[in-house]
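Student: The primary structure of each chain is shown beneath.
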Amino acid sequence: MPDCQHVRDILEEYRRGELAPDAARQVEAHLAGCPACRDRRAQDEALAAVIRTLPVTPASPTLRRRIQEAGRGRAGLRRRLRTPAGAAAAAALVVALALSPWLQFHGEPSGDPVESLIVAGVTEHRRILLQIQDEGATDPERAFARVYALTDIELPRAFAGGPDLRFVAARPTLIANRKAAAAVLSFESRSVTTYFAVPAKDLPMPAERRVQIEQYRPYLREVDGFRCVYWKQGDLAYLMVTDLDDSATRRLFLRMRRAL
Amino acid sequence: MAEPFADLQREALLHLDALYSFALRLTKRPPDADDLVQETYLRAFRFAHRFEPGTHLRAWLFQILRNTFLTFYRRDAHQPVLFDQEGEGAEDAADPDAPVAAVATALDLERALGELPEEFRTALLLADLEGFALAEIAQIMDVPVGTVKSRLFRARRLLRRRLADYRAG
Numbered sequence: 001m002p003d004c005q006h007v008r009d010i011l012e013e014y015r016r017g018e019l020a021p022d023a024a025r026q027v028e029a030h031l032a033g034c035p036a037c038r039d040r041r042a043q044d045e046a047l048a049a050v051i052r053t054l055p056v057t058p059a060s061p062t063l064r065r066r067i068q069e070a071g072r073g074r075a076g077l078r079r080r081l082r083t084p085a086g087a088a089a090a091a092a093l094v095v096a097l098a099l100s101p102w103l104q105f106h107g108e109p110s111g112d113p114v115e116s117l118i119v120a121g122v123t124e125h126r127r128i129l130l131q132i133q134d135e136g137a138t139d140p141e142r143a144f145a146r147v148y149a150l151t152d153i154e155l156p157r158a159f160a161g162g163p164d165l166r167f168v169a170a171r172p173t174l175i176a177n178r179k180a181a182a183a184v185l186s187f188e189s190r191s192v193t194t195y196f197a198v199p200a201k202d203l204p205m206p207a208e209r210r211v212q213i214e215q216y217r218p219y220l221r222e223v224d225g226f227r228c229v230y231w232k233q234g235d236l237a238y239l240m241v242t243d244l245d246d247s248a249t250r251r252l253f254l255r256m257r258r259a260l
Numbered sequence: 001m002a003e004p005f006a007d008l009q010r011e012a013l014l015h016l017d018a019l020y021s022f023a024l025r026l027t028k029r030p031p032d033a034d035d036l037v038q039e040t041y042l043r044a045f046r047f048a049h050r051f052e053p054g055t056h057l058r059a060w061l062f063q064i065l066r067n068t069f070l071t072f073y074r075r076d077a078h079q080p081v082l083f084d085q086e087g088e089g090a091e092d093a094a095d096p097d098a099p100v101a102a103v104a105t106a107l108d109l110e111r112a113l114g115e116l117p118e119e120f121r122t123a124l125l126l127a128d129l130e131g132f133a134l135a136e137i138a139q140i141m142d143v144p145v146g147t148v149k150s151r152l153f154r155a156r157r158l159l160r161r162r163l164a165d166y167r168a169g
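One line per chain: the protein sequences are A and B, in this order.
If you use the working numbering, the first sequence closes out at 260, no skipped numbers anywhere.
If you use the working numbering, the second sequence closes out at 169, no skipped numbers anywhere.
Okay, chain A solo, but in the shape it has when bound (with noise of 0.2 Å):
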């Protein structure tokens, strides 16, 4: 009979099923007859039960078709390399493989400010949903004092929230190297939706990209599978960055829109 150093030496085997059949009876029989094993063996168990819980994060759609046409590129590549002659296109397209991608992702060579603005909203909005359930309920009047404190931008009453629309938290933040203030809310009781907004002066509204909700005309983009809409109302820029469908989309545009 093994005694139990020796069976707690070789528990995870036998948790896993890595034992061989003999080995592994002789565990069991060791355990049923030792509390402090059999209880070491349900603490491990539990704790392994709850990590299985983890949720998975899926990769953004954008990522997954980057990494399909890397794939496709490479195919192609290793097809031309038969040929000698390939060679040398063949390697300036490792190169341009490599770093294509990453500059498509974070460069904004462009320049243009607006899709800088938006790419850098998408990965804010990313970013604060990933820490926004570390926050207790706050009070949106503080919170927008705060803002406005770090930020000098007054976020509009209207982002504290109403029935159907519940103020999540308000932060200052910065995006493409502007101030921000960004206002979280949930809609519905559904996804959470990030609005950002910037002091408009120096911030065009293009003319193309414009999709007319109602009376108005804002800016339309969707990045990494977010719907994002911009428009300019007053002395602040606004981005709204939400996962929701398009109709929804277009509900909580229109609601925000009228209300400020």
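Hints may contain errors.
Unchecked claim - Covered stretches of chain B, as calculated for chain A (at least 3 residues, CB under 8 Å):
(1) 18-25
(2) 29-37
(3) 40-50
(4) 57-64
(5) 115-123
As the list claims (entries may be wrong) - Straight-line distance between alpha carbons at most 25 Å, and here's what the computed DMTMM-like set of lysine to aspartate or glutamate pairs gives:
(6) K179/A to D246/A
(7) K28/B to E118/B
(8) K179/A to D17/B
(9) K28/B to D243/A
(10) K232/A to E214/A
(11) K28/B to E214/A
To be verified - Just some of the chain B residues that point at chain A, by a computed CB distance under 10 Å:
(12) F5
(13) A6
(14) L8
(15) Q9
(16) R10
(17) A12
(18) L70
(19) L109
(20) M141
(21) D142
(22) V143
(23) P144
(24) K149
(25) L152
(26) F153
Calculated from the structure, these hints are not laboratory results.
Source: prediction; values computed, not measured.
Backbone N, C-alpha and C define an ideal beta-carbon position, used for all residues, glycine too.
For chain A, the structure is supplied; the task is to place chain B on it using the hints.
Tutor: What follows is chain B alone, placed relative to chain A:
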């Protein structure tokens, strides 16, 4: 014969969400997790000829991801690992009044995991969440099986203690 590279690529993509979740728990920042996962796949495609068919593709991908993380992303690479002070002999002192059933929320668990040293967190996630065999974890982390087991043991002890601390407020 079918295109082996296309098969590998297709199969590799089946693990994307698991790899991304793991990357997020390593880097704790979505933009870094995106970069890390993308770099992982670029490397896997680049070194596809080194992959031995019939071996575990999923383990191979996790191994590339973790090596890439250690090379490029680990910010605390120069900090010593914060081993808990007690030696191995202290195991019987594990608090029996702190059952995991008392885990308050998944959020506490994420937080407690995030506070574990990377070696412990990785071992625990690979073992209990991803369900890898001990030998596979040893391969992914490039350490002997005995080291994996001792990391698992310490990881669980630290995690239980943290969760009990949260519970106590």
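Student: Hints first: check each against the structure and report whether it holds.
Tutor: Evaluated hints:
Coverage of the segment 18-25 of chain B by chain A holds. Counting CB-CB distances below 8 Å, 5 residues qualify, and the rule asks for three or more. Only when three residues or more bring their CB closer than 8 Å to a CB of chain A does the claim for the segment 29-37 of chain B stand; here the count is 6, and the claim holds. Only residues whose beta carbon comes within less than 8 Å of a beta carbon in chain A count, and the segment 40-50 of chain B has 5; three or more means the coverage holds. As drawn, the segment 57-64 of chain B meets chain A at 0 residues by the rule of a beta-carbon pair under 8 Å; below three, the given contact is violated.
Residue count for the segment 115-123 of chain B with a Cβ under 8 Å from a Cβ of chain A: 0. That is fewer than the three needed, and the coverage hint is violated. Only pairs whose Cα atoms come within 25 Å are accepted, and K179/A paired with D246/A is rejected, the gap being roughly 28 Å. The hinted pair formed by K28/B and E118/B meets the criterion: a straight-line CA distance of about 11 Å does not exceed 25 Å. Note on K179/A and D17/B: the hinted pairing is violated, with a Cα-Cα distance of about 33 Å set against a maximum of 25 Å.
Taking the CA atoms of K28/B and D243/A, the gap is about 21 Å. The hint holds against a cut of 25 Å. As the CA atoms of K232/A and E214/A are separated by approximately 16 Å, the hinted pair is consistent with the 25 Å bound. For the proposed pair K28/B and E214/A, the alpha carbon gap of about 41 Å is over 25 Å, so the pair is violated. Below 10 Å, beta-carbon pairs count as interface contacts, and F5/B has one with chain A at about 5 Å; its hint therefore holds.
Taking 10 Å as the C-beta contact cut-off toward chain A, the hint placing A6/B at the interface holds, the least distance being around 6 Å. A hinted interface residue such as L8/B counts as satisfied when its beta carbon comes closer than 10 Å to some beta carbon of chain A; here the least separation is about 9 Å, so the hint holds. Taking 10 Å as the C-beta contact cut-off toward chain A, the hint placing Q9/B at the interface holds, the least distance being around 4 Å. Of the supplied interface hints, the one on R10/B holds, with its beta-carbon coming within about 9 Å of a beta-carbon of chain A, less than 10 Å.
The closest approach between the C-beta of A12/B and any C-beta of chain A is roughly 8 Å, which is under the 10 Å cut-off, so the hint is satisfied. For the restraint placing L70/B at the interface with chain A, the shortest Cβ-Cβ distance is roughly 19 Å, beyond the 10 Å limit, so the hint is violated. For L109/B, the interface hint holds, the least distance from its beta-carbon to any beta-carbon of chain A being 6 Å, beneath 10 Å. At a threshold of 10 Å, the smallest CB-CB gap from M141/B to chain A is about 15 Å, leaving the interface hint violated.
Interface hint at D142/B: violated, since its Cβ lies 19 Å from the closest Cβ of chain A, which is beyond the 10 Å cut-off. The interface hint given for V143/B is broken, as the beta carbon of that residue sits about 14 Å from the closest beta carbon of chain A, more than 10 Å. Given the 10 Å rule on beta carbons, the hint for P144/B is violated: about 13 Å separates it from the nearest Cβ of chain A. The interface hint given for K149/B is met, as the beta carbon of that residue sits about 5 Å from the closest beta carbon of chain A, less than 10 Å.
For the restraint placing L152/B at the interface with chain A, the shortest Cβ-Cβ distance is roughly 6 Å, inside the 10 Å limit, so the hint holds. Annotation: interface hint on F153/B holds; nearest CB of chain A at approximately 8 Å, less than 10 Å.
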